[in-house]
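Sequences listed follow chains E and L, in order. This note's numbering runs 904 ahead of the 1-based position in the first sequence. This note's numbering runs 25 ahead of the 1-based position in the second sequence.
By construction, these hints were calculated from the structure, which means they are not laboratory data. Because the structure is a prediction, the values reported are computed rather than measured. Glycine included, C-beta positions come from ideal geometry on N, C-alpha and C. Careful, some of the hints might be misleading.
Partial chain E-side listing against chain L, Cβ under 8 Å, derived [what the hints assert, rightly or not]:
id : residue
1  : Ile1016
2  : Glu1018
3  : Gly1020
4  : Leu1027
5  : Thr1058
6  : Leu1406
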Amino acid sequence: MKSTSAATAPRSPGLAKVSSGIPGLDDITDGGLPKGRSTLVCGGAGSGKTLFAIEFLVHGARRFDEPGVLMAFDETANDLIQNVASLGFGLPDLIRRKKFLIDFVRVEAAEILETGEYDLEGLFVRLGHAIDSIGAKRVALDSLETLFAGLSNTAILRSELRRLFRWMKDRGVTSVITAERGEGTLTRHGLEEYISDCVVLLDHRVHNQVATRRLRIVKYRGSHHGADEFPFLIGDHGLVVLPITSLGLTHVAGTERVSSGVPRLDQMLGGKGYFRGSSILVSGTAGTGKTSFSAHLVDAACRRGERSLIFLFEESPSQLIRNMQSIGVDLSRWVEMDRLRIYAARPTLHGLETHLATMHQVTAEFQPHVVAVDPVTNLAAAGTLQEAKSLLIRLIDHFKERQITAFFTSLTHGEQHEESTDIGISSLMDTWLLIRELETNGERNRVLYLLKSRGMSHSNQVREFRLTDNGIDLIDVYVGPGVVLTGTARLAQEARDRAEELDRRQAFLKRKHDLDQRRQALQSQLGALQLEHRSIEEELQTTLAQESAWFDTQRANRIDLARVRQADPARMPMNGNESPAGRARPTRGSGKSKKGAGQ
Amino acid sequence: MTVRKAVSTRTASTPRRAPVTPAPKNRVILRLYVAGTTPNSTRAILAARKLCQEHLDGLYRLEVIDIYQRPRLARDEQIVAVPTLVKRLPPPLRRLVGDLSVSERVLIGLDLRDTTKN
């Protein structure tokens, strides 16, 4: 975070700053509180002013070897030590090592009677003595305004406070002064008039019975600072400010892929699954199996040896584990191996910002690779939709920046499960799966669409999916002309298709058989005809031969006859050489010549 | 808590009109905290002494303490504003803040009104 802010906003030169010790605040203030100056921290009762002051001092004492003095006007040293004991500041140890000093300043109105002119030199002396005794560099006054309750001469108080701030500046200590918030003013007694270098406003707001803490830098002279209201949290280790909106869109987009845990879904996602560090949204109505998809992703990550984190806003961890066991996903073993942590909370437990802060903190502690939030839509119950959306934007940014693959489930309501989510976060998502229930023929079936998946080729096909004992099973839906069928309708249609195909095949076979037969019949007919043809041919040959023989005989007879009658040799038929050709000539020709010869 | 410095500035009890008011059972112990020799300090010291002499008549002990000299004592005694006159005894504990110029209030603060009337 630090590097991000340093990269985006170079520290303003000239104004030295000291780290406030409050995670996130240094990012907003571009380095911390003004060194050697006073910072006014104002807020209502219970807004965390005292904790702010103590953390500022403890941080300095522990990490920068800058001892700190706390002038406590409201609580005794013992009370303070006990109050912050659970936060692990180790105050008694710091006090023993002379790194921390608490001076409880008791101003009891009942004991005090004003009898004339006075000044606050007593306070100066005590503070000066405290600073000198441990070499303090940091001072906190919590809260100065108690003086106004004990002493009535505000004219004196004001001039003395003005003197005090100047005096502290002269001494070069960096100070935090807390003050109660006033009606219409930052502080009840107008301290902001004197402390004008840096003013921090803490707010504890209740909206819809849910309290949210917010912090705002009202002014910071000579320095760039975030002007928004930033949510903050009083967590196990003190204040945490979440300067999330100060982040730019600078996260690195990797190309590594992670399996969704459902092989068929990986296939739909270009064959490799989701991008690591991307955000995935699955939306659908109640009971469509959104949680099952998240469990698969988590399970796949744990199998790879990665750490996963599930935020539940609907179920208890054991309920989730039991439910996922019923579809063959055993999450309990990952919990035992501490690869999986499940954080469950009612959305209405605290405000959105607190949820966000808690999620940040849990994420920071566990350093998961995969985070599932189930369901994000329930967070809207802890605030307004607008707030929920802004929370999610920051949450998504947060995960992206850390290359955490984030899986969000979104519950859509009623029949209008259109391609939008209730809290309008779909545009922030890289991959969006939409689960729809199709109700036909008295049954509901789930189908999965891949609405978008940035940066990868992905399937445009609708898949039917079933929750089996072995997890999610994706099946091709029946896509016929103009219809998409699922469930038993798909099965019925498939059966119909099969029957139809069988019919067709049988009809085809029958026709083929018929044709074959006809062909064979023709074949045999053809044989008979050929036989006939051959016999006719043979007959013809025989006839020709007979004819030829007859002709030869005739001619021989004529020659014999002529010889007998002593006829002219010229009248004799042509010599024997020509006789074969003459024999081949049409019989009629021979007949004519025979007739002619006869005449 | 020992008060060394106070010895020098202490106004010793003066047994001038000794047997006026009830027996010395209600001895008044006062401490005046001042910061150096500012006009406020001087006025307060003078006023305190005058007051003691006029109203307490020997039954008191007044210590004047300079918080510059004894800052720890200022802390231990919860001094914020100076001058502060602390009435340690008799109870209740009272802190009279200021230069004691408004003597009416001083007398109220020290429960001395009845004493004056007597």
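Evaluation of the provided hints:
With its C-beta approaching chain L no nearer than about 5 Å, Ile1016 (chain E) sits inside the 8 Å limit, and its interface hint holds. For Glu1018 (chain E), the shortest C-beta to C-beta distance to chain L is roughly 5 Å, which falls under 8 Å, so the interface hint holds. Taken as an interface hint, Gly1020 (chain E) checks out: its beta carbon lies about 4 Å from the nearest beta carbon of chain L, inside 8 Å. Below 8 Å, beta-carbon pairs count as interface contacts, and Leu1027 (chain E) has one with chain L at about 5 Å; its hint therefore holds.
For Thr1058 (chain E), the suggested interface contact is broken, since its CB lies about 13 Å from the closest CB of chain L, more than 8 Å. For Leu1406 (chain E), the interface hint is violated, the least distance from its beta-carbon to any beta-carbon of chain L being 103 Å, above 8 Å.
Hint check: violations occur at hints 5, 6; the rest are consistent with the structure.
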